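Visitor: Next come the chains, spelled out residue by residue.
Protein chains: 4
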Amino acid sequence: MGVKTKEAYIESLRQMKPTAYMFGERITNIVDNPRLRPGIEATGATYEMAQTDEYRDLILTRSPLIDETVNRFTLPPGSITDLVARVKINRAMGNRVGTCHQRCTGLDCLSALSIVTYDIDQKHGTSYFDRFREFLKHVQKNDLTCNAGVTDVKGDRSLGAHEQADKDMYLRVVSRSEAGIVVRGAKAHQTGSLSSHEIIVLPTRAMRPGDEDYAVAFAVPNDTPGIIHVVGRSSLDSRELEGCDIGNIRYSKYCPTVIFNDVFVPWERVFMCGETEFAVDMVVKFSSFHRQSHGGCKSGKIDCMTGAALNMMDYNGTSKAGHLKQKIIEMIHRAETLYGCSLAASYEGMQMPSGTYFIDTVLANASKIHEGKEMAEAIRLMVDISGGFVADLPSDRDFANPEIGALLKKYLKGKPDVPVENRVKMFRLVEKMAMESADTISDIHGGGSPEAHRVTLLRESDIESRKRAARRLAGIED
Amino acid sequence: MGVKTKEAYIESLRQMKPTAYMFGERITNIVDNPRLRPGIEATGATYEMAQTDEYRDLILTRSPLIDETVNRFTLPPGSITDLVARVKINRAMGNRVGTCHQRCTGLDCLSALSIVTYDIDQKHGTSYFDRFREFLKHVQKNDLTCNAGVTDVKGDRSLGAHEQADKDMYLRVVSRSEAGIVVRGAKAHQTGSLSSHEIIVLPTRAMRPGDEDYAVAFAVPNDTPGIIHVVGRSSLDSRELEGCDIGNIRYSKYCPTVIFNDVFVPWERVFMCGETEFAVDMVVKFSSFHRQSHGGCKSGKIDCMTGAALNMMDYNGTSKAGHLKQKIIEMIHRAETLYGCSLAASYEGMQMPSGTYFIDTVLANASKIHEGKEMAEAIRLMVDISGGFVADLPSDRDFANPEIGALLKKYLKGKPDVPVENRVKMFRLVEKMAMESADTISDIHGGGSPEAHRVTLLRESDIESRKRAARRLAGIED
Amino acid sequence: MGVKTKEAYIESLRQMKPTAYMFGERITNIVDNPRLRPGIEATGATYEMAQTDEYRDLILTRSPLIDETVNRFTLPPGSITDLVARVKINRAMGNRVGTCHQRCTGLDCLSALSIVTYDIDQKHGTSYFDRFREFLKHVQKNDLTCNAGVTDVKGDRSLGAHEQADKDMYLRVVSRSEAGIVVRGAKAHQTGSLSSHEIIVLPTRAMRPGDEDYAVAFAVPNDTPGIIHVVGRSSLDSRELEGCDIGNIRYSKYCPTVIFNDVFVPWERVFMCGETEFAVDMVVKFSSFHRQSHGGCKSGKIDCMTGAALNMMDYNGTSKAGHLKQKIIEMIHRAETLYGCSLAASYEGMQMPSGTYFIDTVLANASKIHEGKEMAEAIRLMVDISGGFVADLPSDRDFANPEIGALLKKYLKGKPDVPVENRVKMFRLVEKMAMESADTISDIHGGGSPEAHRVTLLRESDIESRKRAARRLAGIED
Amino acid sequence: MGVKTKEAYIESLRQMKPTAYMFGERITNIVDNPRLRPGIEATGATYEMAQTDEYRDLILTRSPLIDETVNRFTLPPGSITDLVARVKINRAMGNRVGTCHQRCTGLDCLSALSIVTYDIDQKHGTSYFDRFREFLKHVQKNDLTCNAGVTDVKGDRSLGAHEQADKDMYLRVVSRSEAGIVVRGAKAHQTGSLSSHEIIVLPTRAMRPGDEDYAVAFAVPNDTPGIIHVVGRSSLDSRELEGCDIGNIRYSKYCPTVIFNDVFVPWERVFMCGETEFAVDMVVKFSSFHRQSHGGCKSGKIDCMTGAALNMMDYNGTSKAGHLKQKIIEMIHRAETLYGCSLAASYEGMQMPSGTYFIDTVLANASKIHEGKEMAEAIRLMVDISGGFVADLPSDRDFANPEIGALLKKYLKGKPDVPVENRVKMFRLVEKMAMESADTISDIHGGGSPEAHRVTLLRESDIESRKRAARRLAGIED
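Protein chains in written order, with numbering that gives the first Met the number 0: chain A, 0 to 477; chain B, 0 to 477; chain C, 0 to 477; chain D, 0 to 477.
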């Protein structure tokens with residue numbers, strides 16, 4: 000066992016038999032599906048880069064749990080160094096794949112569980128932490144990818160879990176037996192669920208008395224009976240099915256809705272069950288880790304977008320335009336502020352009772368709020384710099400057509416010394432990075448809604464000390 | 000003759016035989032093509048609304064040229080009222096179709112020509128203005144839609160027209176005869192070129208001595224021999240071909256690249272030929288009119304996006320959330336500031352020597368700069384309000400699948416009293432308005448690049464009077 | 000009588016004997032006070048410009064009420080032309096004085112009263128409209144300046160008028176007699192109250208049953224017994240008292256708190272008294288007019304700030320720096336969008352039952368929201384362009400000091416061909432326009448709080464039609 | 000010797016006899032001057048906090064150079080821990096004093112010199128590093144405050160140092176002797192120069208061949224003959240002289256222009272002299288450290304402003320308003336992103352050949368660009384939340400006036416349970432933090448112009464690797 004190559008990873012997925020649908024049809028061969036494979040390749044890059052001289056030392060490390068070399072994507076952080084490595088790896092990956100690599104959410108779940116299961120045990124005398132560690136050993140020894148089953152479909156947003164008309168709008172336990180539990184519900188936006196070996200389920204929000212059935216956490220293989228993956232639409236998905244005009248020729252992203260249609264989970268895979276007061280901890284820990292992850296990968300994606308914009312300037316003959324350089328600076332500025340906040344959240348992390356390290360919540364949320372606005376602006380800047388052919392560019396099939404291909408090559412040429420093919424390819428990449436909804440919508444909604452980030456920021460900030468400081472300067476006695 | 004119904008308009012297109020390609024194949028039936036028809040329908044709405052009680056008086060008016068009732072989309076503005084009507088019609092249309100209606104660019108060309116041909120004649124003793132008026136009578140009497148052939152492909156952006164390695168990177172006259180001229184070149188982003196009867200070509204930038212062959216303006220039917228329309232890719236184009244998950248069930252947009260492969264133009268359709276010093280006038284007049292048009296239609300599109308966001312709040316159960324109301328206000332604010340500037344540009348218009356009215360350039364450009372940034376923000380707000388299913392929503396085909404359809408309907412339900420179908424449809428519309436590149440990229444690049452708008456703003460503003468005012472207050476003698 | 004010269008205006012103020020305090024002392028000579036005179040001069044400019052060839056036709060017009068030529072600052076708008084003239088005069092004035100001219104608020108009160116008094120009479124059979132018209136004749140015949148007594152001090156903001164612990168936190172009627180009423184309360188931020196002949200009082204918010212005593216409107220001379228003007232602090236006020244380092248050598252702004260310490264108002268000057276349901280109309284009409292006014296004068300102030308920044312570029316030797324030109328464009332863009340919205344609000348105005356014209360509320364509020372953010376940005380840009388000496392510049396007294404004056408002149412010199420005195424003066428003007436709190440704070444709070452503008456925007460927009468438009472496109476049947 | 004108390008610090012300043020002018024007059028008693036003392040108190044706080052239990056361990060540390068406990072404001076960073084401590088101390092100080100504490104610039108000079116003098120010696124065989132270390136021992140043993148003489152007055156900005164018409168527009172060596180050098184020039188914005196014991200002079204920009212006389216660095220006591228401090232104007236300076244309406248009752252900021260009128264510097268205090276190629280290193284190291292410092296202190300100032308805004312909400316009765324809470328979040332968000340970037344720049348620092356640690360330049364500059372825009376927005380938000388009385392608030396003298404004091408106390412009251420005095424004091428503090436130019440202008444221009452930060456960001460970023468990453472994804476072979 001030990002760390003997997005990309006090839007071994009893909010082969011291991013081939014062994015799984017998940018129930019999956021896409022665009023109304025059942026899919027049986029996941030790995031070779033042209034819509035899903037580029038997503039699997041993106042996750043595969045986390046395996047592949049671990050084998051390169053440049054990134055090996057950053058990505059691989061020793062796990063104290065199994066005393067073996069592991070890929071950091073299976074390692075809950077045990078030190079500040081581990082927290083920082085998360086951000087740096089994510090930035091490198093974001094730049095490398097130019098989209099989401101889809102493996103961070105699983106690690107964010109492992110990290111949250113490695114903190115909260117311990118705390119539950121301390122209060123309730125349960126043994127979730129040990130169960131979790133056994134599961135973690137399995138993950139590390141087999142270099143598995145996990146998926147984060149967090150986002151419930153939520154039904155009527157103005158109501159809590161057990162208040163819903165349909166009790167299944169948040170995933171819940173429908174029965175318990177000696178062997179385990181049966182769960183029902185659905186999780187949306189399951190980034191790369193079919194690229195994962197295991198699905199880890201956590202509650203998506205704080206739970207209150209009456210919500211006991213909803214305070215549940217567990218892990219199951221992605222092909223467990225009753226689990227149905229429905230790959231939804233994203234803006235450019237058909238291009239991959241058509242096999243042309245793809246833009247990013249290597250990588251893509253997909254995020255199924257995953258339905259748990261009465262799924263059995265054995266007790267050894269159950270990590271919380273009924274401890275409602277810990278649901279909020281679980282989701283806050285997960286989402287804080289996840290907001291920190293975004294600070295890394297999204298700054299890496301801006302790096303890649305900046306590179307695309309700079310190439311477009313070269314290909315269009317505009318590389319000396321001062322106003323475009325100013326826009327490049329605006330792009331870099333956004334990448335660095337995002338990265339800086341996420342790094343700081345890591346360096347300012349602290350050890351939790353279980354031994355796992357947790358990031359600084361305030362800084363991680365500040366970073367995510369920043370992302371929510373600034374990624375859109377970075378994309379807008381890339382489009383502005385690149386030019387209008389981010390839309391309306393003729394298809395590769397048109398270029399291949401004998402009647403009009405030569406004319407298109409003639410007219411789409413930019414700088415004379417740049418092959419027209421390169422200019423067309425770079426426009427396609429810009430189009431992909433700007434207009435792929437599976438990727439860009441998560442800039443806003445990934446890791447919880449923008450309002451969730453804001454509320455967290457306010458709640459976690461020390462308000463009273465700021466008020467006191469102002470009163471002292473104003474000369475008001477406390 | 001006289002104003003056409005939508006049906007007559009579509010029938011008239013059916014009579015045309017343009018040379019068109021899409022995704023590598025020749026298309027012969029334009030009107031019934033599922034990718035093109037929604038664009039034709041959007042333009043058709045300009046005919047259809049003219050027949051409604053609500054909009055008839057706004058859209059139809061009497062043309063002094065032919066002394067008949069015409070659709071305002073064939074009428075160069077002859078008064079302030081005409082200028083203002085342009086904006087109001089565009090706003091109503093933008094809200095009505097939720098995308099670009101694709102008929103404004105032709106009017107913007109007619110308006111520019113009706114000013115500049117007169118000025119050329121005054122200087123050069125030519126007879127372009129009369130020729131143009133004959134053409135305009137034809138357009139008005141037949142209620143034709145025209146397309147704006149302005150944006151050349153441009154080659155190396157750091158070089159002028161005649162400096163290019165390939166002399167055809169800007170459209171040019173390659174030969175002249177007694178009967179007319181032959182032109183060669185290509186025009187990009189030809190919004191709705193196959194929904195148009197006529198293509199009007201103008202130069203895309205200022206021309207200098209040496210550029211005489213490039214200073215050319217003319218009009219030809221869209222099926223003139225040598226003209227090739229290549230419909231390029233846009234982000235959601237496949238959905239229309241698939242016939243499902245369309246979002247906007249009525250309307251869409253497409254923008255071919257149009258190649259002029261040695262096209263003959265008879266003299267009576269030539270409106271400029273060699274008068275280089277007027278090229279800048281032609282493009283400035285056109286683009287100023289077009290920037291004003293955007294202020295109308297894009298504020299109308301924000302109206303429609305605001306409506307979509309409000310419906311989503313109803314369907315999600317979030318209509319009472321204060322922070323979402325604040326975001327709705329931000330959306331409305333952007334629509335109104337855009338609309339306000341565009342209206343002001345109209346009310347502050349002035350009569351030109353030919354009798355045609357021209358808008359205030361400073362205000363029109365200020366409006367377009369505003370659009371370039373604020374449309375992206377309006378879209379971001381709509382996505383934020385609506386929720387994550389702007390991406391990853393299962394396909395209509397999944398909902399129709401007997402194995403999983405019922406489960407999806409169960410889990411995608413929001414507020415209990417709202418049919419799940421409505422929520423799904425509204426998410427699809429939001430996706431279409433947010434992620435359709437053929438539409439959204441023009442928010443940035445339509446009517447010239449953002450830098451063009453900025454340079455125009457600086458050049459047209461009275462800088463010296465501002466400096467004098469400051470010096471007077473500072474106590475500096477002039 | 001008829002329109003006054005600036006000199007006659009100042010002489011007329013000299014005849015008044017208001018009770019005024021400043022910085023702890025009673026002031027008796029208002030007109031020659033060095034802190035107040037620059038404010039009086041700013042209002043005086045509205046008289047002076049009316050006598051110039053350039054602006055006479057814009058500022059003077061015929062009043063149908065008295066059939067004489069009047070200054071437009073005494074004319075409630077009777078046509079679209081009148082509405083538009085307000086904005087254009089305000090822009091010209093803002094550029095001319097580089098600050099607030101302080102005469103618009105009175106006109107905004109006259110305009111509101113000329114609409115709402117009529118409506119009250121229609122419902123209640125009162126005779127406020129006639130009373131008001133008599134008062135208006137007096138104002139017009141004597142070319143008077145009026146002050147807007149609108150902003151109550153408000154006490155606890157979470158409570159309504161009659162719910163306050165101290166019943167006087169909103170101005171109210173404390174007694175009624177056959178001759179008139181006695182009022183008590185205080186109005187804050189009374190821009191130019193001592194430069195005004197008359198103070199017009201309106202309610203500052205909607206009133207409810209129980210608030211009858213607070214639903215009061217009237218006009219009294221500014222030196223009526225019981226009225227106390229307290230001139231508060233602004234950031235640069237001491238400079239004017241010191242008589243050096245003034246920056247704007249001609250004009251300034253001041254805004255007293257005005258206390259109504261049991262002031263008697265005769266019935267013929269009472270324009271509302273107890274009709275609570277009309278309080279909201281009064282304040283909405285006033286504030287909408289006032290928000291439109293801001294769109295004019297603040298864009299004029301940006302013009303002047305842009306001029307100052309351009310002069311600084313000349314004096315610093317940076318006039319060719321591309322990045323500074325980009326910032327100049329950003330400044331112009333803000334002036335024009337503000338102006339455009341305000342103009343549009345005027346052109347889209349409509350006639351009210353009394354015959355007076357009212358602006359489009361949505362556009363006027365959109366303009367004010369824009370101001371609230373964009374004026375701060377325009378100031379920031381001016382400071383950025385000008386350089387660091389917006390702070391820390393040695394005093395004129397240092398330049399005059401024989402020991403160090405020559406050294407300072409040597410070292411503060413910028414471009415060799417620009418006298419050092421001019422550079423120093425221009426820095427002072429920039430400092431004044433950036434840092435004078437009496438002026439800049441109104442960019443945010445003038446015309447009501449930012450939230451008030453936002454709430455108005457939402458309330459006045461047609462929400463339902465937008466929702467319907469979106470549903471139609473999504474394919475949802477109503 | 001060893002670390003000083005605040006009292007000892009002030010006493011030590013009393014022993015110095017600098018030549019100083021303010022508002023045209025010579026000042027001899029610096030320490031008791033009411034305009035200067037609040038600045039000295041702000042710097043004094045760096046001594047005072049070092050004696051508190053809460054901050055002692057953060058501020059004091061052992062210097063390896065003298066093997067004694069020192070205040071970190073005298074310690075060039077020798078580790079990542081030292082770099083991080085800089086930011087945390089600055090944030091605590093910013094919150095504590097609500098303005099600039101004025102001691103960071105000296106440390107930034109010491110830090111730059113401790114890197115670059117070593118590098119010069121390595122190349123040129125000079126002994127600047129040893130000289131500098133002797134000076135540093137003196138600073139550490141006496142716990143001295145140093146001032147950064149960096150910003151030259153610059154004359155014509157379009158010309159370099161030796162190209163100026165007046166050769167003294169950048170500080171230069173005018174003669175050399177065996178004993179030392181004589182320098183002439185002037186340095187602007189010398190934050191707290193009279194609160195400092197020593198003035199350290201560095202070049203303000205890159206120097207080229209021909210600029211040898213300008214490539215000079217040295218340190219001299221602030222009362223060295225020939226040095227003239229001219230305290231310039233700031234917006235609220237008169238308040239301190241008047242002794243009322245001060246706002247921040249403890250602290251303030253001032254920034255003289257310091258003229259070097261042929262000042263002799265002995266060789267042992269000269270740290271660079273003629274090595275033009277190192278001038279750029281000197282200024283880049285200084286300014287990068289200084290941009291990092293800003294990230295700390297300015298986030299601390301936002302903390303204090305947030306506290307003031309929250310107090311105002313309590314005092315106004317608006318603490319439950321949702322839209323104001325949203326604005327508080329916006330303020331916190333800005334503090335945290337600024338702090339995060341500055342922290343990250345520290346944690347990502349690296350050791351230089353001399354042993355001193357240097358921060359990450361890209362992140363430090365990203366932070367400063369952020370500050371340049373976001374501080375203005377944070378101030379705008381504080382003003383928005385607080386209400387209109389940030390301007391126009393009656394003077395304390397008015398409140399003390401027996402005729403109107405009681406009326407003002409009555410009418411300025413907000414929430415009934417809050418003493419009116421407290422509300423007035425808090426408004427004054429907000430006014431001070433929003434409108435004090437000596438403080439706020441440095442948000443934009445401190446640490447070099449905004450354009451300098453942007454150019455640095457672009458230059459220091461790895462552009463090529465980003466371009467390569469994009470080409471790989473687009474499928475373009477290198």
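Where hints are given, some of them may not hold.
Only pairs whose alpha carbons sit at most 30 angstroms apart, straight line, appear in this in silico DSS-like list of lysine-lysine [said to hold, decoys possible]:
1) B/Lys319 with A/Lys153
2) D/Lys122 with D/Lys5
3) B/Lys319 with D/Lys319
4) C/Lys122 with C/Lys3
5) D/Lys372 with A/Lys319
6) B/Lys122 with B/Lys87
7) C/Lys122 with C/Lys136
8) D/Lys5 with C/Lys319
9) D/Lys5 with C/Lys153
10) D/Lys324 with A/Lys372
11) A/Lys408 with B/Lys153
12) D/Lys324 with D/Lys372
13) A/Lys408 with B/Lys319
14) D/Lys153 with C/Lys319
If you are wondering where the hints come from, they were derived from the structure by calculation, not from laboratory data. All values reported here derive from a predicted model rather than from experimental measurement.
Visitor: Next step is simple, just say for each hint if it's right about the structure.
Guide: Hint check results:
1. A C-alpha spacing of about 17 angstroms is found between B/Lys319 and A/Lys153, which places the hinted pair at or below 30 angstroms, so the restraint holds.
2. With a CA separation close to 42 angstroms, the supplied pair D/Lys122 and D/Lys5 exceeds the 30 angstroms bound.
3. The suggested pairing of B/Lys319 with D/Lys319 holds, with an alpha-carbon distance near 16 angstroms, which does not exceed 30 angstroms.
4. The hinted pair formed by C/Lys122 and C/Lys3 fails the criterion: a straight-line CA distance of about 38 angstroms is larger than 30 angstroms.
5. Proposed proximity of D/Lys372 and A/Lys319 is supported: the alpha carbons are some 26 angstroms apart, at most 30 angstroms.
6. Straight-line distance between C-alpha atoms of B/Lys122 and B/Lys87 comes to about 35 angstroms, which puts the hinted pair past the 30 angstroms bound.
7. Among the hinted pairs, C/Lys122 with C/Lys136 is consistent with the structure: their alpha-carbon atoms are about 24 angstroms apart, no more than 30 angstroms.
8. About 48 angstroms separates the Cα atoms of D/Lys5 and C/Lys319, which puts this hinted pair outside 30 angstroms; it is violated.
9. For the given pair, D/Lys5 sits about 44 angstroms from C/Lys153 by alpha-carbon distance, which is inconsistent with the 30 angstroms threshold.
10. Only pairs whose Cα atoms come within 30 angstroms are accepted, and D/Lys324 paired with A/Lys372 is accepted, the gap being roughly 19 angstroms.
11. Taken as a hint, the A/Lys408 and B/Lys153 pair is honoured in the structure, with Cα atoms around 13 angstroms apart against an allowance of 30 angstroms.
12. Pair hint D/Lys324 plus D/Lys372 holds up; C-alpha atoms about 21 angstroms apart against a cutoff of 30 angstroms.
13. Restraint check for A/Lys408 and B/Lys319: the C-alpha separation of about 54 angstroms exceeds 30 angstroms, so the hint is violated.
14. For the proposed pair D/Lys153 and C/Lys319, the alpha carbon gap of about 17 angstroms is at most 30 angstroms, so the pair holds.
Hints 2, 4, 6, 8, 9 and 13 from the earlier list are contradicted by this structure; the remaining hints agree with it.
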